[in-house]
Amino acid sequence: MSSELDDLYQEVILEHGRRPRNYRKLEDANRHAEGMNPLCGDHFNLYMKLDGDRIEDIAFEGSGCAISKASASLMTSAVKGKTVAEAEELFGRFHTLVTEGPEKVRLSELGKLAALSGVCEFPTRVKCASLVWHTMKNALEHQREVVTTE
Amino acid sequence: MRVHPSPPEADVVTLHESVPPDAFDVERVRRDFPILARPVRGKKLVYLDSAATTQKPRQVVEAMARYFDQENANVHRGVHFLSERATEAYEGARERVRKFLNARHASEIVFVRGTTEALNLVAFTFGRLRVGVGDEVLLTAMEHHSNIVPWQMLCADRGAKLVVAPIDDRGVLLLDELEKRIGPRTKLLGVTHVSNALGTVNPLKQIVALAHARGVPVVVDGAQGAPHVPADVRDLDCDFYAFSGHKIYGPTGIGVLYGKAEHLEAMPPWQGGGDMILSVSFEKTTYNRVPYKFEAGTPNMAGAIGLGAALDWLEALPREAAWAHEDELLAYGTEALSRIRGLRLVGTAPGKAAVLSFVFEDIHPHDIGTVLDREGVAIRTGHHCAQPLMQRLGIAATARASLGIYNTRGEIDALVAGLEKVRRMFA
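Just so you know, the protein sequences line up as chains U and F, in that order. Counted from 1, the first sequence has number 48 at position 48 by my numbering; the numbering is strictly sequential. Counted from 1, the second sequence has number 562 at position 412 by my numbering; the numbering is strictly sequential.
For reference, chain U alone in the conformation it holds in the complex:
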């Protein structure tokens, strides 16, 4: 097995893909957005409960590949309790991580999200990793259109 493949499918990713965290519908959500990659068939619903500018709770449901599911699981864990501004800042760092590589960011600032650092070696998979983040951005901005990262 190539080491790049091992970097992509790290144990953390496989584990979050199998048993995603925050995987449920949030009944008292006040923000919701839908994200979809029609070409691969990934489809997620993202629910948020915003209290002022703080993300009090966040959850998701849907289907997708191991990368997109793990990314959703890790993202929801990472931004829960954060302010909107902090979440957006984290998205910026995450985006740099998956598009430009781990050497362009301080991994310590990314916490568990660093597990997705192997994605940058797989350009066709960047959209899988970033789908749920774009969906979160839409939920925050009240965009109603379905997000796609195709």
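Incorrect hints may have been included.
Under the rule of at most 27 Å between Cα atoms (straight-line distance), these lysine-lysine pairs were calculated in the DSSO-like manner [said to hold, decoys possible]:
1. F:571 to U:127
2. U:80 to U:104
3. U:127 to F:193
4. U:49 to U:25
5. F:355 to F:249
6. U:127 to U:104
If you're looking for bench data, these hints aren't it; they were derived computationally from the structure. These numbers come from a predicted model, not from an experiment.
Let chain U serve as the given structure and place chain F on it in line with the hints.
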């Protein structure tokens, strides 16, 4: 040796006769494809994505290079030597396609960009002539988006309705259901010859007879048909047949629309411009005769010549043996994949062609594709531009290995070995 079982509803699918496989030398065929010898990611390339696009034999590349090096000029207008040569080569390619499809006249062959453009051309000329408010266009549940969307656009434009004939769980078209849906408002039937996502071979001759009995013309998406099963338009008696050069060992950017002369004559032009006219004044334009009426602008000459070379190359092979090779390989692959625990083939129609679509445990096809890619194995993953079909089958996507004439048993074995790695990683 694989013997095609007869499809349940029909005995009219043209089946390939049994020929000893030793009449076909796959290693010799492979030598015509330099790309098949290149490594990818440090592994031997195993190209199982021919339904997306086939590789091109060097004879095609050489014919196109020779055209650019020796004959290039614009066609149909110059009085000079090269223009004459280019015109001869371009029209020679048209005649080559006529022969391949066994069409009556070369003027029934329109060069287009590909199957998609061909189907759009039919929808927006023939379709507009025939389809009005309250009319119906009949399709099947296994169509590719390119044989859905143009008709949907036409129906929206005309206030007409799309009607869909269902399939069973194996991916077999239900002919009695199709027949039930042909009514007095049905103006047109669009159907694929071979399903790109499932490999189902439709009993086209029977379908055409059924539709014609009710006065309904039939438009065939032959993108996967032309490369894998006999496509004799006179035998099938279809009204239109569309296919793409790049899926039949030719270049991209060239495709064919066959149309019966009587239809092409009656159809208005699609695009306006040079080459499709006889004379132009600001008051009135007289259109050129068919097929030029449908070929506005400087055509893709090199592409047409490349396609002609591809058909020359393909038909120089022992055809029956070549078909038998593909069938045998499909049977071998079907058996090998069926033995993999947790793998389910999607599309199990009897007598199918060239496509092994599958889902594996609950592993997402995208993850399967990425792991296989690192083993050098190229497959396609996703909905294969057939979302309504995926919906019908209740899945979001499949992994699809599709065969070309150059594939081998060894490559199927590599796919199987790759899938075992996928299992170790995800299961």
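Mind checking the alpha carbons of residue 80 (chain U) and residue 104 (chain U) for me, to see if they're no more than 27 Å apart?
holds (25 Å)
Holds or violated: are the alpha carbons of residue 571 (chain F) and residue 127 (chain U) at most 27 Å from each other?
holds (24 Å)
Below or equal to 27 Å on CA atoms is what counts here, so check residue 127 (chain U) against residue 104 (chain U).
It holds: about 19 Å lies between the C-alpha atoms, which stays within 27 Å.
Check the hint pairing residue 355 (chain F) with residue 249 (chain F) against an upper bound of 27 Å on the C-alpha distance.
holds (19 Å)
Straight-line Cα separation of residue 49 (chain U) and residue 25 (chain U) no greater than 27 Å?
OK: residue 49 (chain U) and residue 25 (chain U) at ~11 Å, within 27 Å.
Against the 27 Å threshold, does the CA-CA distance of residue 127 (chain U) and residue 193 (chain F) hold or violate the hint?
With a Cα-Cα distance of about 26 Å, the restraint between residue 127 (chain U) and residue 193 (chain F) holds, given a limit of 27 Å.
The structure agrees with every numbered hint stated previously.
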